[in-house]
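Asks: Listed here are the chains, written in short residue letters.
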Amino acid sequence: AQSVSQHNHHVILSEAASLELGCNYSYGGTVNLFWYVQYPGQHLQLLLKYFSGDPLVKGIKGFEAEFIKSKFSFNLRKPSVQWSDTAEYFCAVNGYSSASKIIFGSGTRLSIRP
Amino acid sequence: EAQVTQNPRYLITVTGKKLTVTCSQNMNHEYMSWYRQDPGLGLRQIYYSMNVEVTDKGDVPEGYKVSRKEKRNFPLILESPSPNQTSLYFCASSFEVGGGRAGELFFGEGSRLTVL
Numbered sequence: 054a055q056s057v058s059q060h061n062h063h064v065i066l067s068e069a070a071s072l073e074l075g076c077n078y079s080y081g082g083t084v085n086l087f088w089y090v091q092y093p094g095q096h097l098q099l100l101l102k103y104f105s106g107d108p109l110v111k112g113i114k115g116f117e118a119e120f121i122k123s124k125f126s127f128n129l130r131k132p133s134v135q136w137s138d139t140a141e142y143f144c145a146v147n148g149y150s151s152a153s154k155i156i157f158g159s160g161t162r163l164s165i166r167p
Numbered sequence: 010e011a012q013v014t015q016n017p018r019y020l021i022t023v024t025g026k027k028l029t030v031t032c033s034q035n036m037n038h039e040y041m042s043w044y045r046q047d048p049g050l051g052l053r054q055i056y057y058s059m060n061v062e063v064t065d066k067g068d069v070p071e072g073y074k075v076s077r078k079e080k081r082n083f084p085l086i087l088e089s090p091s092p093n094q095t096s097l098y099f100c101a102s103s104f105e106v107g108g109g110r111a112g113e114l115f116f117g118e119g120s121r122l123t124v125l
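Chains as they are written, first to last, in this note's numbering: chain A, 54 to 167; chain B, 10 to 125.
Simulated from the structure, these hints should not be mistaken for laboratory data. All values reported here derive from a predicted model rather than from experimental measurement. Any given hint might turn out to be false.
Claimed, not checked - Below are the BS3-like pairs computed for lysine-lysine, each with C-alpha atoms no more than 25 angstroms apart in a straight line:
(1) K154/A - K80/B
(2) K66/B - K80/B
(3) K26/B - K154/A
The shape of chain B in the complex, shown without the other chains (with noise of 0.2 angstroms):
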């Protein structure tokens, strides 16, 4: 079944201890992404991937650190996470995204993280 996995689902921790967030999908999926979604704000784009080794930074970057050293895997690290970044977070993937091709945008069932 094609399908984007993240975790953990669910998290509490404490301001300092970092934490990462995994993310995988099974459809060879080139372009990945992380979303933020907060109440009134939507989802805001916070780091993508257009392939393996390639990433740069959405609108709210600041905080967060991300990899892809492999094609499927695209975790979200906070070093540090801090009361501001409590949110819900998605990880979506795409075959192709821009031009004339821009894919359907595939997401994972979403990590709610809050930081005390």
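Chain A extracted, bound-state conformation (with noise of 0.2 angstroms):
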């Protein structure tokens, strides 16, 4: 069965230190992977998407992510963030032959520090 894992529940930083927020699924064929961020009060929005290709995925805020699949990872990275970064992050996976399911892990809640 699909599922997705997110180790980090909370994570605090200040302003311009770096992330890195884990991702770690398991199914047991080819996937698409996808981050998602959800800010106070709102609802989710994409982040950044894996189809195929290229392992490091740019998306938009000046996130990204790199897919390894031998370690079935899609840990999402900033290098410098902001206190708007506030947010919880979501990773979801959808496999190809699960058509129907995308599946979401427990998220990552993070707090900035002005």
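Fit chain to chain and form the complex, with the hints in mind.
Replies: Put into structure tokens, the structure is as follows:
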């Protein structure tokens, strides 16, 4: 069965610090991978997605993620965070042969100290 | 403007009183889905629909029903709500899901439901 693990439940950083949020998935086949962001009081929005090709994916607002197939990981990174990055971040997986399911991780809450 | 619209945004109800949360999208998406968001559990899929008249259960379907009579609408029905259905609900839609072209999910603003 598909599953997604986000081990960091709450991350607190100072502005300008570098960010890496972990995401590991379990699925026995080819996958599509996503990161979504939920700003306080808002709905989820897509940050970036991986379908195929270059495993280093660039998204909006300076975020990037690297797909490492051998580690079943899709970690989210940003070199220098801003206060406005305070939000909850969700990793999601869709298996090629699982046409209907997009499985979300439990989320990582990111708090940025000004 | 492309959007997914949910109503109501906030609702307080009592145990056993049937309610419906509506969801409508204007992007001609074939795929629609309902999720509930609970602290520490992330988003869990309740039901999804691949197209009109095609619906199926997600991971937590108990206590919910859905219908897809029109492409744009996908209402979530709670026939007899219970307090454990108190949650934040999101409707989402996508052009295509699965295979090599899994699409971006577009989410509604959310519906916060409290069942007393």
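Asks: Which hints, by number, does the structure contradict?
Replies: 3
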